Structure formats: C-alpha cells, structure tokens
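Chains as they are written, first to last, in the numbering used here: chain L, 11 to 1029; chain E, 7 to 200.
Worth double-checking, as some hints may not be accurate.
Think about it this way: if two alpha-carbon atoms lie no more than 20 Å apart in a straight line, the pair counts; the simulated PhoX-like pairs of lysine-lysine are [what the hints assert, rightly or not]:
1. L:Lys-52 with E:Lys-150
2. E:Lys-189 with L:Lys-955
3. E:Lys-150 with L:Lys-957
4. L:Lys-50 with E:Lys-133
5. L:Lys-884 with E:Lys-121
6. E:Lys-189 with L:Lys-52
7. E:Lys-126 with L:Lys-955
8. E:Lys-121 with L:Lys-52
9. E:Lys-150 with E:Lys-189
10. L:Lys-324 with L:Lys-1026
11. E:Lys-189 with L:Lys-957
12. E:Lys-150 with L:Lys-50
13. E:Lys-117 with L:Lys-52
From the structure, some residues in chain E lie toward chain L, with a derived Cβ separation under 8 Å [as the list claims (entries may be wrong)]:
14. Arg-90
15. Gly-95
16. Ile-96
17. Leu-99
18. Gln-104
19. Phe-140
It is worth saying that the hints were derived from the structure and are not from the lab.
All values derive from a computational prediction rather than experimental measurement.
Each residue gets a CB set at the ideal place from its N, CA and C atoms; glycine is no exception.
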Amino acid sequence: MANKINRRDFLGLMGLGGVGAATLSCDLSPTDYEEGFDEKWKPWVDPIAGEVPYVPRYYATTTSESNGVGLWIKTINGRAVKTEGNPEHPINRGSLSARQQSVMQGLYSPDRIRKPLYKGKPITRARAAEILTEQMNANKGKNISALTGPIGGSLADLWTTFVSQMGSGSLVRYEAFHSGEWAGASNKVFGQNAVPYINLAGTDMILSLGARFLDDWGDGNAHERNWAKMKELDHGKRGRHVQVEPRTSVTGAAADSLLLCKPGTETVLALALLKELAAGSSALTAEEQSTVAGLVASASLDDAAKTCGIKVAKLRTLIDELKHAKSPVVLPAETTVLGHQSQAHHIAVLLINKCLGGIGKHFNYSAAKPAKDVISHRDIVDLVTQLNNGAVDVLILRGGPNPAYSLSPKLKFKDAVGKAGFKIAFADTMDETVALADLVIPNLHDLEAWGEVNPYAGLDMLQQPVMRPRWDMMQAEDHLIQILAQAAPGIVAQENYREYLKASWFGRFASGSADQEAFWRYSLKKGGRFEMAESGENLPLSGDLGGDVFANVQPMGSKGTKLIVLSSARHGDGQAAPRGWMQELPDPMNGVTWDSFLEVNRTYGTSAGWQIGDEVSFSVNGVEVTLPVMLSDTCPDGVVYFETGMGREGIDERYCRGVNAFSMFTGEVNDGGRFAFEPANVTLNKTGGRTKLATLHIPGLGDQLNTPLTGTDKTDSRFTRDLFQTVGISELSGHGDGHHGGGHHGPLNKKVAFPEHQDKNFYYDRSEDPLVVGRSETFYDPYKWEMAIDLDKCTGCGSCVTACYAENNLPVVGKDQVAKGREMAWLRINRYLSYTEEEDHTEVKAYFLPMMCQQCGNAPCESVCPSLATYHNKEGLNAMVYNRCVGTRYCANNCSYKVRRFNWFTFDWDEDAKWYTNPDVTVRHKGVMEKCTFCVHRFRDARNKAKDEGREIRDGEVQTACQQVCATGAISFGNYMDESSEVHHLAHDQRAYRALDSHLYTKPGVSYLKRTVFDKGHA
Amino acid sequence: MEQLGDISMKNTTKFVSVIAFLATVCALVGISVMGQGKEAKEAAATVEIPIGAYAPEQPIDYSHKLHAGDLEIPCQFCHTYARRSRSAGIPALEQCMQCHTLIGRDRDAIKDVVKAYEDKQAIEWVKVHDLPDFVYFDHSRHIKAGFECQTCHGPVEQMEVLYRHAPLTMGWCVNCHRDNLDKGASVDCLTCHK
C-alpha cells in the first residue's frame, strides 16, 4: 500500500491542490467557506428569565385538538420546536400519535391569521376593536350566540357567562367526531348520563366489533399501551385480540384474529353475542339475566353468523374464549358504520361487558366525562335552524372546529350563517368557517394562549403559553372579558383570562390548599390535575331498558358493493390536512400520500378493468363523487373504503386536495347524538380519468407495498429472504429469554478490536492513521448502540415516522417527488402481505415492519464510499458525515435495506416552518446523502452528564425520537455492551432476528422480535 | 405581555434581581476604582490586528481591551452562557446597562447603547467567530475541560478591535483534539458533525 497511491490518497492530493490554488489566487482573508461570513447576530435586549440560548426548556401543556393527551413542548431560544408527550399524563404517558405531533405545524401554519379582517380586507387592530365594540353595544340584549369547540371547565364557564350576559343567545359546542353516543346508552343501561373512561389495562382478551382503537378511536394512546401490555408473553402465554370489521384496518392487521364481516351487520352480531354471553353469566343477577334475555329473545347466533358472513363455529369458539378469559373487554363498532342503530349497538356492547364483568374495571364511570361536557350534534342542527329563522343577531365563531367543512352540505350551514346579522370569528388559522365571518379577529394559537381541557372527571389539563405570541394579538377570552367589563361590570372580577382561569382552578381544586400560588405552579409544571379514579363501581342495570331498545336493529342495506367512511388517523376531521407531515405520511394500509383514494378489492377492481389511480365515480346520498381507486388485497370484495379529512378549501393551495368525505353525509343526527352515516350501496363507474397516486416506493424493488411476504416463486429472492418473520407461540419455550431458534446473530465479544469476523483491512486500515496513532483502536467499548423492535407490538401507525421528520428536520418533498421515490423519510413502515389458502378463500394478512438504517457492523454502504463520508464508528453507529459527502449515491445503491435518502434538491422551507427546525441537527444541502444515525445528537446531553459524573451512560438515559413517541413501546434502544440493558436482553430473546443477516451477513445493529401467532383452532 | 409560562418563579426572580443589583453596584465601584487605579498606572498592552485577519466593523466601537484588559472584567461576567450552553452568546443589552446606567453616559458609543436599550432595538453585531452550519461546537464542554477562552479566541484582552485569531478550520480543531485525547477529547467525526 505504501508504494501505490490508493483512491483516497489521490482524492486527498486533489483536494490539497485545490486549496493551494485558492490560496495563491486570492487575498488572505480567512474565508474557507462562503456561508456564515459576515453573519449578523442580534442578542436579546432584555434576557428572558432563566433562558439560556440553545438549552431546551420544556413546558407541560395541551391543546384543544390533542384528543385529551398531555404535551411537553420543547422550546429552544424562546420558540417552540417540538411536540413531545407528557410522561406523567395518565392517558398518553409520553407517547404521541402522528397527528398529535403535527400540532407544531399548526402553530407555524402558513394559514395563521396575522391581521384583523373586515369583510375579507385587512384592517388595523384599533379599527377591529372599534367594530367589535360597536356591534356589541348595538346588539346587547339581542341574540348573541357562540359556536365553539368542545370546551370545558373555566373556558365553558366564561363563554356561557358571556353569552348569557350579552343577550338571549346560546353557546353551541361542536366537534365532528365525539364519543357522546356512550352517554345516551349509559343512561339507558346504568342510569348514568356520562361517557365512561374505557380502560384496557389488565385485560387478557379484547374483542372489537370494529372500533379501530389502535389507530383513531377513543383514547388511542392508552389503548395502544394497554394492548401492547396484553400481548407481552408471560410463560408462553399472552392475551388475544380479535377484531371483527368490514375492511382491514391497522387495528385489524394487528389483531391475532381478523374476522371480516359484512358491513352494517355489527349490531346484529352484538345482540347474538349478548344472548349467548348473558345466559348463565355469573356477573348478572337472576333478575338482570331475565331482563337481558327478554331484550335479545329474538336474536340467534346461527342467523347472525349467516348475516355477518362469519362461520358459526368461529363465533362459538369466540364466545367460549370470552367466557374463559379472566378480564375480557368488548369494544363497539365505529359510529359511521352504525347509521341509526348507534344507541342500540352501544347498549348491547355495554350489556355484553356487564355480562363479562368489565363494568367498573374497563368501563369506568367514576372517571367519566360528565353530561355537561358531552356534545351532541343536535345542538348545531338547532343552531342552523335558528340561523335560518333569522333568530341570531350576532354569531361568534371560535376557531378550531370547522363546521363549514365537516357538516353535510345538505344542512346548508354556509347559507344559514349568512342569515346571521353579524358574524365575528376569533380564530388563529383561516378555514372554511372563519372565512364566513364579517369580522375576523386573530386569536392566539393554543400553544401561545391559556386554556383548559377536561376530558374526564379527575383529569383537568392546563394549557399554558409556551412561547410569546408570534404577532401582537390577544386571546379571544381576553376580548370577551374586556367586552363584559363594559357591558356587565362586576360579573367577571378578573382582568384577563389567565387570572380567571387561576381563580377558577383554585375554586375547584385548591379550596383546602394553604399556598395557592405554589399549588398553581405545581399544577402548571405537571400539566394539570391527574386524579382519575383507577376503577369504578360495577354498576347494576338500573337504567331504563324498555322492551324496544333493540327494536330497530337489522342488517343495513341490500346486497351489493358498500361504501364505508371512517375517520382518518392522519387528517382527522380535516384540521390536520393542511400539514405537510400528515400529507407525506403514507396511509399505513395502502401507502398513499397526498391524495384521497377509494380502497377497492384488487380482484374486483382488476376484473372490472381498473388500475391503481383510475378514477371512478359513484353516487351516494345524492352526491356525485369521483375518486381514484387504490387496489388492495386486504380490502374484502363487496366493500369500498374512503376516509375523512381531505378536500379542504380556501386554505394554502398546496393542501386543497382530494375529496371531502363529509359531503356524503345526510346531515341526519342518529340516536347517539352523532351525524348518521351507514354503509351505503354504491355502483362504481370508470370515468376514464386518471390520477397518479404517489405511493411509498423503494427504488429497485418496485412498489414495495405489493411485495408479498411469501410467494410460490422461489426464484424471486424477495420471497425467500424472511424480512418479516413470525413464530408460533407454541414453538417458543416458556421463558422468553433463551437463545435458540431466533437470530443468526451470535453474541458479540466484548472489547473486540474489530468485529471478529472481519478482515482487519476490510475497513480503511487506520493503523498508521495520524488520527489514531498512540491510541488503541478498540471498537464497542464501552458502547455499542443497538435497537430492538418488537414486531408483536408494532401496529404500523406511523407516529415514529412523523417523530423522525420532526426531530431531524426532514423536508416534506411534495407529491411529485414522492411519486419518484424521493421522499426523505429516514424511517419508513414497510408493509408485507401474506396469503394463506383456506378452504373457500385466500386469507390475506398485513404485517408492518419499521425500517431505518440498521447500523450494520459489516455495512455494504461503507466500503463503496469514495470520500469516507460514511464509516463504522467505535460505538457501532454507521456514521454519516454530511459535509464530506460528494453525492455519488454509491452507498444508497449498495444499501441492502434502501434506507439512505438523497437530497435531489436543497429543499425550500416555508419561512414559518423554519421556526420549528431542530438546531441540534446538521443542515443538509442538495447532493448529500442522509440517513438515520439513531438520533446521535440526542446522546450528547446524556454523554456530557455521564462524563461530568464520571460514569457511563445509563440504560434508558437516551431515547431516540421514534422510541419516545411509540405508544406500544415497540422500540427499545440502548447499549448492547451493557449486559443488563433492555436492548441486550431483547437481542438475545428467542424471538430476535436481524433482517437479512443470514443472507447477506451485514451484521445489523437492529434486532427485530418475531411476531407471535396463535395456532389454528382459535377464533 | 405575560411572562413565558409561570414556571419562572416571580419571587425568586425578584430576589435574584435585587442580589444581582447589589452585586453589580459593588462590582461597579470595584471596577471603577480598579480602572482608575490602572489608568493611573499603565494600560494593558494592545495587540495590533494582524494583516489579513478578519476584523469586521461593528455597530458599536466596543473595546475588549478596555473591558477585559484594563478593567479586568472576567470573560464570563458578560458571556454568561459560555459555561452553560453550546453558544457563548453576546450579552443581552440589559447586561451592558447594568454598568452603563451609571458609567460613561457622556460618551458617544455609550449613548448609542443607551438609546438602543431604551428603544428596545437589538444591536446587530457582526459575528467574528462563526462556524459553518454543518459543524456542531459546544462552548460549555471546552470550558468544563478547563480551556482558557484565549486558547481559541487569542489575546482578546489586548484587542481594541476584535479579530479572528484562529483559522477555525477542521485541521486546527482536530489537531487540538488529538493533543487532548487523554482529557477525553474525541476525534470521531460524529463529535462535531451530527
């Protein structure tokens, strides 16, 4: 090697030549890089108390859109940069869903309203205040009504006071998706007009009749956590999850058993199950048994099985398993498949759980949402009627819920609002509803304002400002207090909402507390008051179960293809649609980004001559809809699926995409207090149009979503490489920590000079490298960072993907680039399908596997890099030095896992989006390869702390961003060399394997734990 | 406007400000006495700007020689963040005003500072020491390891006009890191390029 110039030396010499030439040809000014020269620096005029530049501070808070979870907002240099979960919060315990994280893009949305608007034209703040006062004075005593989101606590008090003091109007609360149907059903069954807190903790069997509790149903964060706990193997046994649903959802894919039923038959099934489970149930008194028996006398399991399309034997096994389970839970169907049978269905589900002994433990009425906070959609229908009658003089809209978007066009909400005398909107972000107002007064975003969220009794969360308002504006409640001070002096004693909230907080919770100020600070620091009752009473059937509660139960609709509409976990009720992260996060089941699509069974679609992206039109509830089709193997024949949240209008045009699912609703309210939608018969007609759908795609592998897990063609290496592995529970030995069967990866010896199997010269020989002379080049001492991912716990929800975007400043590239396979996600969720031939059908199962850089010990990417930009570092990381990368893309070509991402452009960030970039992560430019390095910047603080204390980093001290948000705890991370660490333990679990290791010998640093499957014979 | 959050403890802050004020007054008296004494004796040596060194014009003619040299104010008295953060930071204007509410109000440069403070207009300083965006550098670690500010920033206490002393090139960084491996310095690329 000494005699010849190797490639790297040659490049080095070339580099020197370049520098030499540069030195000779210009003056001596020390500019060895262009950027940052003459950069200006503006220090603070007055420092913020306790603020140190670049040292993050966290604020416990929440927002009205966060589904009742606690947030920790990370702020750096006085600006909010990242949403993290509050680890103390009883519902999320530090985890966050993808949508909950996207609140940061709401704060910095380009649609934020910066100036007051009058009839659509910007005006000054003073002029806005004048108009507001004028209108309030002119209309005092008349009907001043307010429309807000689901506010509670002191917020609801203040708005109610305002409305009642100002005139004869009313306060209407609205939210597109709510859980109000439980209140009516609970009232009928237990005489409790409240929404129970559904708690899956401690269960060993979950039967869901359709509720997608792992993607977007109820308190998903808590459900996911408890579901994962249930799936943990204990002496070779674990709980079971059975999902009955019309179309495979993420929850269905994660279930141990998925029973596909015909849409609209869930309630019939629930009644049959109730009949079987009530008979002889020890949880019911004799009297209760006869009451229930009377209600379900006409139900029959055989008929129900026929109606649902599920084999009766399966149902019998299922009933048997439920009866023998220690603490089973049965969850209802989704409201949008229940139509007008919602209340009957929820009553049946409550009764089933009563029979199974789950009331109190799993359905907790001691921590219920009280009736006063329960929302019904009837209220907004009444408001529309009032508006149409010209009864409303002033309508005040509080931003957030967007009824102009999420109400059925049949209600003609926009026309009705036009009939109000004057419309005022207090809103932070422009949307379809705010656009209807005459006067728009900018409001603070929830992260800049005070507030309160009260999802359940005993759970009251404080919302505090985490940063100074971006623009000079006041929160809506402060405006109300100012108006009240003039119009009705003395009603509100406080000067602003913060003081009002504080007084209300003391009044409710600190009556006995000596030091109220200390209690307030304690509450703010904690995030509120977390005192939910652990469990409730096992209530008796003391409601009003008249003989006709199940009278309207029957299978819905006739035969034919049925359309199901469900809420989207990514876009929700549309509020999260104008957010790049949510648009670029692929739909888990189909991988579609940036577009609305209609999920159609592949066989059905192919036989009709359709291809992915072909547009079809259909008519539903009198509305004509055109949508591109996505052919899916997991969607059963006879069902087409569509989700809510797209089709927004009048906002940033990049996000005005797709079709609004709410346009298909009839506007009728069902007996559960929600807008009814039932699976509707549709006839699909090809229009001839085509939309190219941008789906997740791996270069070289084609459309990876259609890569089968198993296949008959053994010449195709995709089928034989065992990327996703499963194992039968009976194959596992009882203890779960042996090392057999699973991985091909032998234990690594501690303190090896180089990974043992390798030729020392495999790496760039550094023995004479001046960098290492005089040093022993010891690898993996004391750290080798590794990750373990439990495939049994991964639901494929994608919150880790969004966390990675947020943490590492990954650019959102847009539909065109995603379609070219150029999305920048360092972490993606691979979906694999398996096909099993059953007697009369092919069973299709979907599996999810999070794939990020595997930090190979024998990395194919490293050896091909001509500039040593990527190398194996001593701590087991496959390091990537961005400024050293020259962009040959050899590494990406050679990567066996396709996890390297190339910057084809220097991606432009919106001015607003720059605010939430993480300053700890390197800036990348066009022509640079990038990838996951296990959040290496996060090690810094832990390493420094450990260094200062003279110790090694402890297990659990460093969390990666993806691990932090995962509700199921599927991702573990730590030091493999620490034999007591969780990751070491998991890497030697009998379920552990390393992807492709046995084929390519890449020695990955990520262990996957095989998904466990039950033997046949279960329901 | 509401202070950020309520985690900042108001009473504590007040207490700290009072103490800080008293300390400042003591320090000021000390500094002015010391300064007068020094002036009477001899001023600290002044170092010329080397030819070609980067010494941009600043909006205020601030002299490090006067403050850090003649008056012997320790670097971290003003650059308070250096030991706590990756960024040493330029002190907030309020920090200047702690002394200059009393001292040197008749000088032109100080008048500019006072005006900026009263108008709440931040002064735009030109960065003399600036690293590219792909480099991560942490002041606090270097101070914790016991390095003098002068090791990288040169004889600042002798500079009338601040100039860039070190080349701040990668080779220069790595050389020092290599010499200090025993102190725990690392030469892994990921240390600075995350």
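Results for each hint:
1. About 26 Å separates the Cα atoms of Lys-52 of chain L and Lys-150 of chain E, which puts this hinted pair outside 20 Å; it is violated.
2. Only pairs whose Cα atoms come within 20 Å are accepted, and Lys-189 of chain E paired with Lys-955 of chain L is accepted, the gap being roughly 16 Å.
3. For a cut-off of 20 Å, the pair hint linking Lys-150 of chain E to Lys-957 of chain L stands: about 10 Å separates their Cα positions.
4. For the suggested pair Lys-50 of chain L and Lys-133 of chain E, the alpha carbons sit about 6 Å apart, so the restraint of at most 20 Å is met.
5. Of the pairs offered as hints, the one joining Lys-884 of chain L and Lys-121 of chain E is violated, with about 54 Å between alpha carbons and a cut-off of 20 Å exceeded.
6. Straight-line distance between C-alpha atoms of Lys-189 of chain E and Lys-52 of chain L comes to about 34 Å, which puts the hinted pair past the 20 Å bound.
7. Restraint check: the Cα-Cα separation between Lys-126 of chain E and Lys-955 of chain L comes to about 37 Å, which exceeds 20 Å; the hinted pair is violated.
8. Taken as a hint, the Lys-121 of chain E and Lys-52 of chain L pair is honoured in the structure, with Cα atoms around 16 Å apart against an allowance of 20 Å.
9. Restraint check: the Cα-Cα separation between Lys-150 of chain E and Lys-189 of chain E comes to about 11 Å, which is no more than 20 Å; the hinted pair holds.
10. About 11 Å separates the Cα atoms of Lys-324 of chain L and Lys-1026 of chain L, which keeps this hinted pair within 20 Å; it holds.
11. Under the criterion of a C-alpha separation no larger than 20 Å, the hint pairing Lys-189 of chain E with Lys-957 of chain L is consistent with the structure, at around 11 Å.
12. Between Lys-150 of chain E and Lys-50 of chain L the CA atoms are separated by roughly 28 Å; this puts the pair beyond 20 Å, and the hint is violated.
13. About 19 Å separates the Cα atoms of Lys-117 of chain E and Lys-52 of chain L, which keeps this hinted pair within 20 Å; it holds.
14. Residue-level restraint check for Arg-90 of chain E holds (minimum Cβ-Cβ distance to chain L is 5 Å; threshold 8 Å).
15. Hint status for Gly-95 of chain E: holds, given a least beta-carbon distance of 5 Å to chain L, under 8 Å.
16. Evaluation of the Ile-96 of chain E hint against chain L yields a held restraint, the C-beta minimum of about 4 Å falling below 8 Å.
17. Checking Leu-99 of chain E against chain L: minimum C-beta separation of about 5 Å stays under 8 Å; hint holds.
18. Taken as an interface hint, Gln-104 of chain E does not check out: its beta carbon lies about 11 Å from the nearest beta carbon of chain L, beyond 8 Å.
19. Interface hint status for Phe-140 of chain E: upheld, as the beta-carbon distance to the closest one in chain L is roughly 4 Å, under 8 Å.
Against the hints set out earlier in the document, violations occur for numbers 1, 5, 6, 7, 12 and 18.
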